[in-house]
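In the order they appear, the protein sequences are chains R and C.
According to the working numbering, the first sequence holds residues 18 to 332 in order.
According to the working numbering, the second sequence holds residues 18 to 332 in order.
Please note that a few of the clues may not be correct.
Pairs count within a copy or across copies, as identical chains cannot be separated in the list.
What the hints assert, rightly or not - Calculated pairs, DSS-like style, for lysine-lysine (alpha carbon to alpha carbon, straight line, at most 25 Å):
#	residue 1	residue 2
1	Lys-164	Lys-306
2	Lys-186	Lys-70
3	Lys-226	Lys-306
4	Lys-306	Lys-47
5	Lys-71	Lys-164
6	Lys-186	Lys-80
7	Lys-187	Lys-302
Calculated directly from the structure, the hints in this document are not laboratory data.
Just so you know, these numbers come straight off a predicted model, no measurement behind them.
2 protein chains.
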Amino acid sequence: MYIGVDLGGTNIAVGIVDDNGNIIEKGSVKTLKERPTDEIVFDMARLSKELLKKTGIEMSQIKAIGIGCPGTINVETGEVVYSNNIPMEHYMMADKLKEYTGKAVYIDNDANCAALGEYAVNGQGAKTFVLVTLGTGVGGGVILDGKVMHGFNFAGGELGHMTLVSGGKKCTCGKEGCLEVYASATALIEQTQEAITKNPDSLMAQLAKDNGGVTGRTAFDAMNKGDAAAKAVVEQYARYLADGLVSFENIFQPEIIAIGGGVSNAGEALFEPVREYIDKVRFNKFMPKTKVVKALLGNDAGIIGAAMVARAADV
Amino acid sequence: MYIGVDLGGTNIAVGIVDDNGNIIEKGSVKTLKERPTDEIVFDMARLSKELLKKTGIEMSQIKAIGIGCPGTINVETGEVVYSNNIPMEHYMMADKLKEYTGKAVYIDNDANCAALGEYAVNGQGAKTFVLVTLGTGVGGGVILDGKVMHGFNFAGGELGHMTLVSGGKKCTCGKEGCLEVYASATALIEQTQEAITKNPDSLMAQLAKDNGGVTGRTAFDAMNKGDAAAKAVVEQYARYLADGLVSFENIFQPEIIAIGGGVSNAGEALFEPVREYIDKVRFNKFMPKTKVVKALLGNDAGIIGAAMVARAADV
Numbered sequence: 018m019y020i021g022v023d024l025g026g027t028n029i030a031v032g033i034v035d036d037n038g039n040i041i042e043k044g045s046v047k048t049l050k051e052r053p054t055d056e057i058v059f060d061m062a063r064l065s066k067e068l069l070k071k072t073g074i075e076m077s078q079i080k081a082i083g084i085g086c087p088g089t090i091n092v093e094t095g096e097v098v099y100s101n102n103i104p105m106e107h108y109m110m111a112d113k114l115k116e117y118t119g120k121a122v123y124i125d126n127d128a129n130c131a132a133l134g135e136y137a138v139n140g141q142g143a144k145t146f147v148l149v150t151l152g153t154g155v156g157g158g159v160i161l162d163g164k165v166m167h168g169f170n171f172a173g174g175e176l177g178h179m180t181l182v183s184g185g186k187k188c189t190c191g192k193e194g195c196l197e198v199y200a201s202a203t204a205l206i207e208q209t210q211e212a213i214t215k216n217p218d219s220l221m222a223q224l225a226k227d228n229g230g231v232t233g234r235t236a237f238d239a240m241n242k243g244d245a246a247a248k249a250v251v252e253q254y255a256r257y258l259a260d261g262l263v264s265f266e267n268i269f270q271p272e273i274i275a276i277g278g279g280v281s282n283a284g285e286a287l288f289e290p291v292r293e294y295i296d297k298v299r300f301n302k303f304m305p306k307t308k309v310v311k312a313l314l315g316n317d318a319g320i321i322g323a324a325m326v327a328r329a330a331d332v
Numbered sequence: 018m019y020i021g022v023d024l025g026g027t028n029i030a031v032g033i034v035d036d037n038g039n040i041i042e043k044g045s046v047k048t049l050k051e052r053p054t055d056e057i058v059f060d061m062a063r064l065s066k067e068l069l070k071k072t073g074i075e076m077s078q079i080k081a082i083g084i085g086c087p088g089t090i091n092v093e094t095g096e097v098v099y100s101n102n103i104p105m106e107h108y109m110m111a112d113k114l115k116e117y118t119g120k121a122v123y124i125d126n127d128a129n130c131a132a133l134g135e136y137a138v139n140g141q142g143a144k145t146f147v148l149v150t151l152g153t154g155v156g157g158g159v160i161l162d163g164k165v166m167h168g169f170n171f172a173g174g175e176l177g178h179m180t181l182v183s184g185g186k187k188c189t190c191g192k193e194g195c196l197e198v199y200a201s202a203t204a205l206i207e208q209t210q211e212a213i214t215k216n217p218d219s220l221m222a223q224l225a226k227d228n229g230g231v232t233g234r235t236a237f238d239a240m241n242k243g244d245a246a247a248k249a250v251v252e253q254y255a256r257y258l259a260d261g262l263v264s265f266e267n268i269f270q271p272e273i274i275a276i277g278g279g280v281s282n283a284g285e286a287l288f289e290p291v292r293e294y295i296d297k298v299r300f301n302k303f304m305p306k307t308k309v310v311k312a313l314l315g316n317d318a319g320i321i322g323a324a325m326v327a328r329a330a331d332v
């Protein structure tokens with residue numbers, strides 16, 4: 018059994034997770050991210066102990082604790098090198114939680130944790146596995162032979178910052194034309210908004226008005242009701258996404274690419290055109306093909322993934 | 018000691034290579050690619066034996082033989098699944114060369130071999146290493162922990178077929194906007210030709226005329242003589258290339274990206290603007306940085322890499 022901690026800008030979510038990635042018990046408290054980081058970590062320990070008490074599990078039954086944390090992480094030293102979301106610099110988070118719990122603590126970037134969690138539960142033992150999450154940004158991680166692909170400096174796997182349109186729109190990272198700028202939920206909302214401005218009489222425009230604004234669902238909902246402008250938005254968005262995914266396929270040849278994050282809830286309305294495009298243009302013509310599937314873990318991916326980081330490291 | 022075979026569309030190059038990747042002796046014969054493949058493989062064996070005789074090395078001193086072959090290779094079975102360049106389908110090449118030599122034979126894609134060869138000789142033990150070759154196409158390979166990254170179906174590492182310009186120019190692979198269409202030597206020549214058409218009075222146009230046509234050097238040579246149109250060509254080409262390389266950096270965080278192929282001979286005139294762009298836009302701000310260097314192995318990369326494939330497999 019492991020404890021997984023999913024540290025977010027809003028909540029600290031903690032779970033007791035069995036060896037197979039099933040959550041036995043979970044809970045959360047507010048992060049209150051402006052307070053001293055030691056207090057945040059203290060709350061991870063406090064919540065862990067509460068969950069153990071609640072379930073009657075002893076701390077001695079926990080093999081190790083994993084933390085998923087936003088930012089740049091040195092997974093070997095357990096240091097949060099830098100985090101913008103929860104303000105931290107050179108903070109020895111693993112050591113601190115070890116001090117508060119007496120357990121071995123391992124830490125990784127939250128996107129890597131999500132990929133490892135999804136892989137553990139839904140990866141079917143794939144030799145190469147990629148998770149791409151479509152949320153505020155485009156995140157993800159790459160799992161090779163069951164392990165997170167970190168790069169030499171632990172900063173690898175930034176799939177959202179592959180260039181998709183050289184010289185294209187500016188990304189928050191400073192580069193132009195990142196996949197994130199074209200395929201995130203934020204991008205989809207922007208693309209929908211632009212199409213509404215150009216097509217003020219469309220059903221899509223009406224739908225946005227009725228619902229008090231544009232969301233990542235607006236274009237899909239309007240398309241399902243037969244709106245042509247909405248269909249064009251979905252088609253273009255699917256093309257951007259598919260162009261990114263087929264690049265990952267050509268580079269990694271993963272057995273599975275799992276798509277998570279809010280936009281993935283659009284389901285087949287998104288996956289069908291994405292798969293159709295990839296089938297048409299993939300480089301690999303003669304070997305078994307990559308499968309593009311919907312990620313199955315939702316919010317729990319972080320907790321489970323953090324626990325799986327502990328499982329992977331605790332050998 | 019190993020034997021490395023670099024099978025190309027024009028020549029079969031064979032070398033005896035020591036355990037550290039140094040060529041002891043090498044030679045080549047014409048591939049004559051339209052003849053029966055068994056004959057091509059027989060010539061690999063014949064040339065190997067000639068080189069052994071010439072050097073006084075016994076076949077018993079050779080630990081294994083490696084082949085670098087164009088096309089889709091099943092590295093586990095030693096099968097050439099498909100090759101367009103040298104017409105082959107489901108050909109058990111490793112078994113055949115084993116039959117002719119009595120040695121263990123391993124085979125990998127020629128681009129992967131080149132990457133492994135460059136890594137063995139110039140990789141400085143990097144945990145993650147990427148080779149990108151700028152030739153007729155854009156090839157390359159990824160070395161992780163000293164091993165070729167193959168993907169689940171052995172078709173991975175097609176770095177030239179990452180999308181760089183979504184919806185851009187058509188690639189020979191069938192997809193639009195591949196890195197290869199913007200950053201290969203072929204692309205550079207095309208970009209140079211287009212600029213010459215637009216600037217018929219430029220020094221670059223004169224240079225092309227004097228030299229009987231445009232090559233991958235024309236723009237660099239004209240730029241060095243102060244031609245503004247040529248400078249613009251180099252700047253745009255460097256930007257395309259750098260946009261691809263920084264994507265590989267953000268994805269893999271390799272310690273080293275080595276650039277090979279004909280265009281890399283332009284040297285600092287190319288590397289300087291490429292590094293400058295990457296320094297400005299890389300995602301990783303807080304950890305050690307990827308180094309972009311010129312690949313050092315030229316034509317020998319194939320032989321050495323094939324031998325290193327044998328070394329890696331022969332354990």
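Hint-by-hint comparison with the structure:
1. Lys-164 / Lys-306: both (21 Å within a copy, 22 Å between copies)
2. Lys-186 / Lys-70: Neither: 51 Å inside a chain and 62 Å across chains, both beyond 25 Å.
3. Lys-226 / Lys-306: Neither: 42 Å inside a copy, 47 Å across copies.
4. Lys-306 / Lys-47: neither (43 Å within a copy, 35 Å between copies)
5. Lys-71 / Lys-164: neither (32 Å within a copy, 47 Å between copies)
6. Lys-186 / Lys-80: Classified as neither: same-chain Cα gap 46 Å, cross-chain 54 Å, threshold 25 Å.
7. Lys-187 / Lys-302: Answer is between; shortest inter-copy Cα gap is 17 Å, intra-copy 34 Å.
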